[in-house]
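A.B. asks: All you need for the numbering used here is the position in the sequence shown, starting with 1, plus 66.
To be clear, the hints were calculated from the coordinates, so they are not data collected in a lab.
The beta carbon of each residue, even a glycine, is placed where N, CA and C say it ideally should be.
Each hint should be verified, as a subset may be incorrect.
[Claimed, not checked] Taking CB as the label site, the calculated pair distances span:
{"no.": "1", "residue 1": "Cys318", "residue 2": "Pro98", "range": "39 to 47 Å"}
{"no.": "2", "residue 1": "Leu103", "residue 2": "Arg139", "range": "42 to 50 Å"}
{"no.": "3", "residue 1": "Gln288", "residue 2": "Gly134", "range": "33 to 41 Å"}
{"no.": "4", "residue 1": "Pro98", "residue 2": "Arg315", "range": "36 to 44 Å"}
{"no.": "5", "residue 1": "Pro196", "residue 2": "Thr296", "range": "38 to 46 Å"}
{"no.": "6", "residue 1": "Arg139", "residue 2": "Thr174", "range": "14 to 22 Å"}
{"no.": "7", "residue 1": "Asp141", "residue 2": "Cys318", "range": "40 to 48 Å"}
{"no.": "8", "residue 1": "Lys293", "residue 2": "Ser153", "range": "19 to 27 Å"}
{"no.": "9", "residue 1": "Gln288", "residue 2": "Leu99", "range": "39 to 47 Å"}
{"no.": "10", "residue 1": "Ala116", "residue 2": "Thr140", "range": "16 to 24 Å"}
{"no.": "11", "residue 1": "Leu97", "residue 2": "Arg193", "range": "38 to 46 Å"}
{"no.": "12", "residue 1": "Arg231", "residue 2": "Ala116", "range": "24 to 32 Å"}
{"no.": "13", "residue 1": "Met287", "residue 2": "Val105", "range": "16 to 24 Å"}
{"no.": "14", "residue 1": "Pro290", "residue 2": "Asp110", "range": "34 to 42 Å"}
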Amino acid sequence: MLFLDYLSLFPGEIDMPTNIPNPTGRSPLSLPLDVVLAVFDHLDPSSLAAVARACHPVNRLVTPRLYGRVVLRTDAALGTFAGTLESRPEFRTLVRELGLEFAPSDVTALTCVLIHTSRLRSLRVGRPLPSCSALQSALACLDDLQDLELSDATSSTLSILQHIRTVRILKVHCWPSALPTSMRPPEDVISAIVAFIARSQHTLQELELNAAILQALPADMQLPRLKRLTVHGRYDGKMFAECESDVQRRGCASPCDWCAPLGAVALHRSLSFAARKKEENRPCSFVRWLASHFVSVV
Numbered sequence: 067m068l069f070l071d072y073l074s075l076f077p078g079e080i081d082m083p084t085n086i087p088n089p090t091g092r093s094p095l096s097l098p099l100d101v102v103l104a105v106f107d108h109l110d111p112s113s114l115a116a117v118a119r120a121c122h123p124v125n126r127l128v129t130p131r132l133y134g135r136v137v138l139r140t141d142a143a144l145g146t147f148a149g150t151l152e153s154r155p156e157f158r159t160l161v162r163e164l165g166l167e168f169a170p171s172d173v174t175a176l177t178c179v180l181i182h183t184s185r186l187r188s189l190r191v192g193r194p195l196p197s198c199s200a201l202q203s204a205l206a207c208l209d210d211l212q213d214l215e216l217s218d219a220t221s222s223t224l225s226i227l228q229h230i231r232t233v234r235i236l237k238v239h240c241w242p243s244a245l246p247t248s249m250r251p252p253e254d255v256i257s258a259i260v261a262f263i264a265r266s267q268h269t270l271q272e273l274e275l276n277a278a279i280l281q282a283l284p285a286d287m288q289l290p291r292l293k294r295l296t297v298h299g300r301y302d303g304k305m306f307a308e309c310e311s312d313v314q315r316r317g318c319a320s321p322c323d324w325c326a327p328l329g330a331v332a333l334h335r336s337l338s339f340a341a342r343k344k345e346e347n348r349p350c351s352f353v354r355w356l357a358s359h360f361v362s363v364v
């Protein structure tokens, strides 16, 4: 995993050597490539960054691992990463997983990153995204995207779904599962998710949704390739009848980060066991969370 503190540390070629020669040159000592890669797979990003500066042969092995999975947490990191991809084209094809753990305000930098990571296979968005035509066009070019996760998604965030082709794994959190199931999410939220699932029905293998969204899906919808279904919140209905026996279904045992705001989850977990049993799936601050995300729920 690459954290942007280390983005400027890795010069050199990125072609892969078949072994690691002894840097002293005093003996023909070398290690099998699979052994070296296995060691690298157990190193954290800061350790990998240090190893990458040891010598050029090691750098060529480490760089793909540093850029394979990128996690961005600030606009500054986003700008740095965009600049790196602009100046080092050879790094662009290395990025396969991208995580955004903040609400980006620099749409230009985000669009630049998505344009230059056309081989992206996994996109995880942890905060609401802005609506922008250039950003939507960049998303439409992600032909290799297979895994999409949208957490804390607003209507604006969900609008990007119409610009993404299909995926195999879809995880969408856009509604507090602690709410009673009688309360429906906004219609534009439901429509955006239903339309995307319908478009991905022949490729979708894993689905994670809030129960309120799942219950809003058409009863006759078929997902023939679905293998895993995760539901947050109370859901008693039957879905995907033709493949139900083959689908691994599970739900969360108690309110998790998907079911309620983080503050409510922390409060819930701090209660005694007896109190928690009485208040199961009823965090106290979901109204505040709801008010901060949607203008109207009626």
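A.B. asks: State for each hint whether it applies.
C.D. replies: Cross-check of the supplied hints:
no.: 1; hint: Cys318 <-> Pro98: 39 to 47 Å; verdict: holds, 43 Å
no.: 2; hint: Leu103 <-> Arg139: 42 to 50 Å; verdict: violated, 27 Å
no.: 3; hint: Gln288 <-> Gly134: 33 to 41 Å; verdict: holds, 35 Å
no.: 4; hint: Pro98 <-> Arg315: 36 to 44 Å; verdict: holds, 43 Å
no.: 5; hint: Pro196 <-> Thr296: 38 to 46 Å; verdict: violated, 28 Å
no.: 6; hint: Arg139 <-> Thr174: 14 to 22 Å; verdict: holds, 18 Å
no.: 7; hint: Asp141 <-> Cys318: 40 to 48 Å; verdict: violated, 32 Å
no.: 8; hint: Lys293 <-> Ser153: 19 to 27 Å; verdict: violated, 41 Å
no.: 9; hint: Gln288 <-> Leu99: 39 to 47 Å; verdict: holds, 45 Å
no.: 10; hint: Ala116 <-> Thr140: 16 to 24 Å; verdict: holds, 23 Å
no.: 11; hint: Leu97 <-> Arg193: 38 to 46 Å; verdict: holds, 42 Å
no.: 12; hint: Arg231 <-> Ala116: 24 to 32 Å; verdict: violated, 39 Å
no.: 13; hint: Met287 <-> Val105: 16 to 24 Å; verdict: violated, 46 Å
no.: 14; hint: Pro290 <-> Asp110: 34 to 42 Å; verdict: holds, 40 Å
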